[in-house]
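There are 2 protein chains.
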Amino acid sequence: MEKTHISIKEADLRQFTEQVFLAIGCSTEHAKLAADVLIQADLRGIDSHGTARLSGYVRLWQKGRLNPSPHMRIVHETPTTATVDGDRGLGLVVAPYAMNIAIKKAKEYGSGWVAVRNSNHFGIAGYHALLAVEQDMIGYAMTNASPLVTPTFSKERMLGTNPMCYAFPAGKYPPVVIDMATSAAANGKLEIAQRNGLPIPEGWVQTKEGAPSIDPYELKAGGALLPLGGDRLHGSHKGFGLSATVDILSAVLSGANYGPWAPPFVAYLDPHPQPVGEGLGHFLGALRADGFRPIDDFKQHMDNWISRFKTAEPIDKAQPVIIPGEPELAASEERKAKGIPIVKSVLDDLLALANDLKISALVTD
Amino acid sequence: MEKTHISIKEADLRQFTEQVFLAIGCSTEHAKLAADVLIQADLRGIDSHGTARLSGYVRLWQKGRLNPSPHMRIVHETPTTATVDGDRGLGLVVAPYAMNIAIKKAKEYGSGWVAVRNSNHFGIAGYHALLAVEQDMIGYAMTNASPLVTPTFSKERMLGTNPMCYAFPAGKYPPVVIDMATSAAANGKLEIAQRNGLPIPEGWVQTKEGAPSIDPYELKAGGALLPLGGDRLHGSHKGFGLSATVDILSAVLSGANYGPWAPPFVAYLDPHPQPVGEGLGHFLGALRADGFRPIDDFKQHMDNWISRFKTAEPIDKAQPVIIPGEPELAASEERKAKGIPIVKSVLDDLLALANDLKISALVTD
Numbered sequence: 314m315e316k317t318h319i320s321i322k323e324a325d326l327r328q329f330t331e332q333v334f335l336a337i338g339c340s341t342e343h344a345k346l347a348a349d350v351l352i353q354a355d356l357r358g359i360d361s362h363g364t365a366r367l368s369g370y371v372r373l374w375q376k377g378r379l380n381p382s383p384h385m386r387i388v389h390e391t392p393t394t395a396t397v398d399g400d401r402g403l404g405l406v407v408a409p410y411a412m413n414i415a416i417k418k419a420k421e422y423g424s425g426w427v428a429v430r431n432s433n434h435f436g437i438a439g440y441h442a443l444l445a446v447e448q449d450m451i452g453y454a455m456t457n458a459s460p461l462v463t464p465t466f467s468k469e470r471m472l473g474t475n476p477m478c479y480a481f482p483a484g485k486y487p488p489v490v491i492d493m494a495t496s497a498a499a500n501g502k503l504e505i506a507q508r509n510g511l512p513i514p515e516g517w518v519q520t521k522e523g524a525p526s527i528d529p530y531e532l533k534a535g536g537a538l539l540p541l542g543g544d545r546l547h548g549s550h551k552g553f554g555l556s557a558t559v560d561i562l563s564a565v566l567s568g569a570n571y572g573p574w575a576p577p578f579v580a581y582l583d584p585h586p587q588p589v590g591e592g593l594g595h596f597l598g599a600l601r602a603d604g605f606r607p608i609d610d611f612k613q614h615m616d617n618w619i620s621r622f623k624t625a626e627p628i629d630k631a632q633p634v635i636i637p638g639e640p641e642l643a644a645s646e647e648r649k650a651k652g653i654p655i656v657k658s659v660l661d662d663l664l665a666l667a668n669d670l671k672i673s674a675l676v677t678d
Numbered sequence: 314m315e316k317t318h319i320s321i322k323e324a325d326l327r328q329f330t331e332q333v334f335l336a337i338g339c340s341t342e343h344a345k346l347a348a349d350v351l352i353q354a355d356l357r358g359i360d361s362h363g364t365a366r367l368s369g370y371v372r373l374w375q376k377g378r379l380n381p382s383p384h385m386r387i388v389h390e391t392p393t394t395a396t397v398d399g400d401r402g403l404g405l406v407v408a409p410y411a412m413n414i415a416i417k418k419a420k421e422y423g424s425g426w427v428a429v430r431n432s433n434h435f436g437i438a439g440y441h442a443l444l445a446v447e448q449d450m451i452g453y454a455m456t457n458a459s460p461l462v463t464p465t466f467s468k469e470r471m472l473g474t475n476p477m478c479y480a481f482p483a484g485k486y487p488p489v490v491i492d493m494a495t496s497a498a499a500n501g502k503l504e505i506a507q508r509n510g511l512p513i514p515e516g517w518v519q520t521k522e523g524a525p526s527i528d529p530y531e532l533k534a535g536g537a538l539l540p541l542g543g544d545r546l547h548g549s550h551k552g553f554g555l556s557a558t559v560d561i562l563s564a565v566l567s568g569a570n571y572g573p574w575a576p577p578f579v580a581y582l583d584p585h586p587q588p589v590g591e592g593l594g595h596f597l598g599a600l601r602a603d604g605f606r607p608i609d610d611f612k613q614h615m616d617n618w619i620s621r622f623k624t625a626e627p628i629d630k631a632q633p634v635i636i637p638g639e640p641e642l643a644a645s646e647e648r649k650a651k652g653i654p655i656v657k658s659v660l661d662d663l664l665a666l667a668n669d670l671k672i673s674a675l676v677t678d
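Taken in order, these protein sequences are the chains called A and B.
Take any residue in the first sequence, note its place counting from 1, add 313, and you have its number in our numbering.
Take any residue in the second sequence, note its place counting from 1, add 313, and you have its number in our numbering.
I should point out that these hints are in silico values taken from the structure, not numbers from a laboratory.
Warning: the hint list may mix true and false statements.
Note: identical chains are not told apart, hence a pair may lie in one copy or across any two.
Stated by the list, open to error - Below, a list of computed lysine-lysine pairs in the DSSO-like style, where the Cα atoms sit at most 30 Å apart:
(1) Lys671 with Lys322
(2) Lys623 with Lys521
(3) Lys485 with Lys322
(4) Lys630 with Lys521
No experiment lies behind these values; they were computed from the predicted model shown.
Okay, chain A solo, but in the shape it has when bound:
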């Protein structure tokens, strides 16, 4: 049997990723930060958002759509709100910059909320939300994204998979991290089905005419992803509403491009010729838990919440209830110890990247 994954040590993958960001002109600080966001995705098992995306960022830079040394700045603010212009920087760097502003405001006033424009793909939402959790705050992170999802009743791609993340600190347990695309399934799940030659469940995609489909290649054929819920009967209007919320908070509020105007992540597709804003948008928030009750009380009740939900009566004893964030933490511990499994095609991509950018190839043993 052919080996489809190669295991890479975290430190090697991190060092290589930093080199790539340095090679496109990032500062040492930004290269380390951007690499950390991608490596955390790989560690946490969110493979679609880790180094598998690295060449995508490089292609954007090659097209002149990404500024490796952005002058990020606040363009509008009140004591607890701000809009940040990301100056076409890496979302991986712009989002933590914005979250740190939110945290600073929350330290002083109880909460902080930062909308971001003129950015691009920010990696996993959970990374940014967890920056707030480290300060005993509740973290919010969301972003709009390339239009691939239809509103209920439409056949037009109008929205991205628009993830929303809420992260809550706990006491003895790890934080609860709800980090979810607002579509029924994200593109990564279609790719898994493609690799395995399997159909996908109804309610994930529709054809370009708007008919139900179970073909994992439907999106490539011009179809669309569906909002969480799938169809109207199963609540797709709710998934559409959540996705709209992310789009409005991230892009209408910040002055970024919203809806079908959101710039594509893939460099071979051009941004909309008549933009309605600047770049992609994010929305980050930090809310002090001790703004509502003493932190020890909050954490004790979070622990009680977690332990009660963990022991909710399972349908099948072999499959207990999963607390959001738990599988990602378990993956991270395992991968820190045993290495990060990288798919052969991604590895080829990273080797080509090293060649392109004239840097040392990734150490693979």
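Since chain A is already given, all that's left is putting chain B on it; use the hints.
Only chain B this time, still in chain A's reference frame:
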């Protein structure tokens, strides 16, 4: 054919509802406010949350679980956060009290966030969120509720239908109001299927053993509602995550009862004998749109967002994309003009209530 609905004038229904709240001991101000929340639900076509609930509140009062003259107060705060103790008051009154605190904080600091404990059912989330919209702010409203929903992989009722609402002001268009239960379907939809003698779609409920079911009576038989998404394959872990977010923000943060400890709305079920907090919890928020960009810019882009989504290419030309909040507004305009259709069984309930409380019966013509 038997007439199943009777049309009642808004003013008559409002006056009757106020009389009921006065009869249980509410102040004039509170009776008017509580009635307004219920009448707005009826006007907006959310019949399950309007005067159909009125006798439910009275039963709670009869059981001593509802305080008609609450001493509501802030028990913890920072410049932009607060926790309110609702003193077992009507959620219909406590939630607007809390939202007004959030709005006041937002006026001064850009945003305001209020968690509420020791409350009960607050009616439609949209009512409270729209209080912020009237001030050109983005409104958030959520509440936990009686446990009827299972987490993914469980057969135990652990969560309420836990609605979340986001409301956004616009310019020439009405506000965008996303007001949704985080379950696949709310109980009201099962009741409609029961009345019509029809099965329900898969993914709404499961049996008490955790098997799929299409029986509209399954919940009454000890089964449970399912989170948005229905099953794991269709994203029920996302619905569970959203519901958990509502539960934690509303109840863990405020010191209310969370998860399976949330007190039931129906008076014939007793609250949990070992509570983990006080009453039910809510979470309200107000975020100044002009904290991020000039309000005219924001409204102009909201209008552009709305008009672009309204004209997204439909699958069927007869069914264009629905902007969240639009059907409720249309219903409201129609019902203000033509009266509010009340189901016969609800009318009987309201007549019995008048008798019980020794007040004038509802005017029905």
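Evaluated hints:
| no. | hint | result |
| --- | --- | --- |
| 1 | Lys671 with Lys322 | within (22 Å within a copy, 77 Å between copies) |
| 2 | Lys623 with Lys521 | between (41 Å within a copy, 19 Å between copies) |
| 3 | Lys485 with Lys322 | within (29 Å within a copy, 56 Å between copies) |
| 4 | Lys630 with Lys521 | between (42 Å within a copy, 15 Å between copies) |
Of the numbered hints given earlier, the model fails none.
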